[in-house]
Every structure is written in C-alpha cells, then in structure tokens.
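K.L.:
Given these sequences and hints, build the entire structure.
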Amino acid sequence: MEANESLLDVGEYRVNCARLGRGDPLLLLHGSDHHESWRTWEPMLSLSDSFSLIIPDLVGYGRSTRPAETPDYRTQAHVVRDLLEKIGVGSAFAMGAGWGAQVALELALQWPQTVRGLVLVAASYDKGQLPRLSKLGKPALIVYAVDDMVTQLKAGYLLRDAIGTSRLEVLEPVAKDPSLDFTISHRLQAFRPGPLSQLVRRFLADPSSMVAEPPEMEKELRGMALKRDEPLP
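First residue of the sequence shown? That's 66 in our numbering, and the numbers climb one at a time after it.
Bear in mind the hints are in silico, worked out from the structure with no lab data behind them.
Just so you know, not all the hints are guaranteed correct.
Here are the in silico distance ranges between beta carbons for each label pair [what the hints assert, rightly or not]:
| no. | residue 1 | residue 2 | range |
| --- | --- | --- | --- |
| 1 | 133 | 241 | 17 to 23 Å |
| 2 | 238 | 155 | 37 to 43 Å |
| 3 | 267 | 229 | 15 to 21 Å |
| 4 | 67 | 266 | 34 to 40 Å |
| 5 | 69 | 270 | 23 to 29 Å |
| 6 | 237 | 177 | 29 to 35 Å |
| 7 | 133 | 89 | 36 to 42 Å |
These figures come from a predicted structure and were not determined experimentally.
Where is the CB? At the ideal position from N, CA and C, for every residue including glycine.
P.N.:
Okay, structure coming up:
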C-alpha cells in the first residue's frame, strides 16, 4: 500500500501531498509535534480501500515549505482549502488529529461548502472558535481516549456540546503501563488505529445517523463537562 507524493505550488508555499485510494475524498490533517508529517497517518492507510485519501504535510512540516515561523491554524486552513482547489476536489470529509483537528474546524467554519463532515481526534481548538461552532451545521465525530492528558477528555464534551450536530466516542485507556509515555493516549491514529478506523468507517457510512443520539456521559465524568462560557483549561 504505497501512497503517491507530489509537491504542489499552493499560493506562496510548496505543499507536499500524499494521495492513495478511491472513493469519497477524505482529508487527513496531522498534529503540531515537530516530527509530524503525512506519515503520521500510515497506520490508518487501510481506509484507502473505501476512500480517496488526501494527506498533506502542513506548512512547516515534512517536505512542505518550512518558513522561519510556522503559520497558525487559520493560515493552514486557507492553504488546505487552496490545496483542495488545486487538485480539483470540491468537497471532502476532513479528519484531524490534535492541532490538525483545529485546522479542520477552521476549514469547515470558513469554507463550509468544502467540508462534508468532520472527524476530530484528540482535538485541540482555539477559544475564539467556540462561539462559532453552533453555526457549523456539519456532522462531527469526536474521539478521545479516556486517559488523554494532553488535551483531556473534558475538552471533548465541550466540543460536543458546542457543535451540537456531533457525537463523542471515548476509547479505553491507552497508556495503562506507567512506564509508557503518557502522550501516546493523545496519538490514537498511531496507538489505536484499529478502533479508530472502525469508528471512522461507521460514521462516514451515515454521518447523520451517528450524531442523532449523543452518548451517555460516563458517571465518573459527570460534572466535568465545561459550560460554554467557562475558560479553557
């Protein structure tokens, strides 16, 4: 299973983009760790049997242009929109992990016609995005591990309530062994690719039906969900 990579001129940047598979377009956006690139998603390339995967190196990462200062999520969303236009994709499902989810959210907020639905994995977000999410109107699947200590599960409940047309799925603890790096619970595409892929397939098969019934909040987490007007953790 080998992806085809190409360097494309997108505005002022050169963007490396990997593509693989056939079917509905599925955009995959990696996170903000300095070592990240499109290869972050390699454990989930089996999705290419059902989807046309579009996996860019965000600007400042991988083989894409590396400016002195990495562009913020707003600029990254603009570049991704221009990339889709460049390759002739009018709309796609968008899945982002960590900071990539923040970019995906901004893409959907600024250019709603570009995004059919969202998968937000261990998502980070900007406080300024939250008041706009109620108008998003896109089906969204939100996935966290119960032991994510980077963005933390309570952020998932906040996103679920802010978006409205969304469903939160909580995976079992990832870093059960205390000798493991606790941050692996934040990298589900690498350490829980099987369960995550199953959720993605179910959601993308019929997004509206998945968000119809929000899941029951786990008892131990009742009261942890933040109110919309509370500050971010």
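K.L.:
Confirm or reject each hint.
P.N.:
Here is how each hint holds up against the structure:
{"no.": "1", "hint": "133 to 241: 17 to 23 Å", "in the structure": "41 Å, violated"}
{"no.": "2", "hint": "238 to 155: 37 to 43 Å", "in the structure": "40 Å, holds"}
{"no.": "3", "hint": "267 to 229: 15 to 21 Å", "in the structure": "20 Å, holds"}
{"no.": "4", "hint": "67 to 266: 34 to 40 Å", "in the structure": "22 Å, violated"}
{"no.": "5", "hint": "69 to 270: 23 to 29 Å", "in the structure": "26 Å, holds"}
{"no.": "6", "hint": "237 to 177: 29 to 35 Å", "in the structure": "34 Å, holds"}
{"no.": "7", "hint": "133 to 89: 36 to 42 Å", "in the structure": "37 Å, holds"}
Consistency note: the structure conflicts with the earlier hints numbered 1, 4.
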